[in-house]
Amino acid sequence: MIKSLDLKLTSAHLITIILWASAFPGIRAALTAYSPEHVSLLRLLIGSLILILVAAIQGIRLPELKDVPIILLLGSLGFSVYQTALNYGEQTISAGVASLLVSTTPIFTALLALLFFREKFGFWGWVGSLIGFSGVAFISLGGTTASFSLNIGIILVLVASLSESIYFVFQNAYLKKYGFVPFTMYTIWSGTIFLMIFSPGLGEAIIHAPIDITLVVIYLGIFPTIIPYFTLAYITSQTGASEATSSLYLTPVVAFLIAWIWLGELPTIYAIIGGLITLGGVFLSNMKKTD
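Note that UniProt numbering has the sequence shown beginning at 1, numbered continuously upward.
Just so you know, these hints were derived from the structure itself, not from any lab. You may find that some hints are simply not true.
[Stated by the list, open to error] In silico EDC-like pairs for lysine to aspartate or glutamate, Cα to Cα no more than 16 Å straight-line:
(1) K176 x E64
(2) K177 x D6
(3) K176 x D67
(4) K177 x E265
Owing to the predicted nature of the structure, the values given are computational and were not obtained by experimental measurement.
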């Protein structure tokens, strides 16, 4: 029984890491035929339609009316802004570097929790943050001989990371009230609503896009957008939130590997060294130690 549970947990971890990691090269591939905003909209439209079916089958209740404004705001930050900023950023930086920059989300989250909720940050939190952002600075050095657009790409992905961090910091009360999966459904639907402003031209883009690229966007809408949230909810229910997210440090490594196999992207020496520094900083910032 224990071995069976361990196998299920290991499988859930692997599915979560691989699918989320695959989103970064998937976005790069999708951007060859779609604009960044159309990738965001089509991806979330597909995800939302599937989640509506899941919600109907499982009998997921709607949120209380008083919570709708906050859910809409969090959905816009955690999905609309995050997805669109990430997509624009990946126009000028590699999938692997984007995944490394997004891995700073826990640092932003901890800093925001300290600012708004006075959550204890601790010595290792500060040390890890400084090291993590030093790694980001080192990664950015790789673009000093290239065009300025690379720096803009890094900034946009960091904006995406910050936006997602705000989503994480302010979701706790609603997670307790509604549960992980229902709340994720609400916010994905909310994010999709805001992205509808980009609907003009989407139909024409679908018609003119190569079928294989459209299939990539469909993949993004189903697999990285939906499935990891269910596997993460399962892991959390069995082990708790800390252990559930601990293995996600491997996501950038897997993203680099998938991007190399899929897109032929090879990491620069700046990305490798800066990535190791960044991941080390993120790891330290999450150590359960205090001053």
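Hints and how they fare:
no. : hint        : result
1   : K176 x E64  : holds, 14 Å
2   : K177 x D6   : violated, 29 Å
3   : K176 x D67  : holds, 13 Å
4   : K177 x E265 : violated, 43 Å
Checked against the numbered hints above, the structure breaks hints 2, 4 and satisfies the rest.
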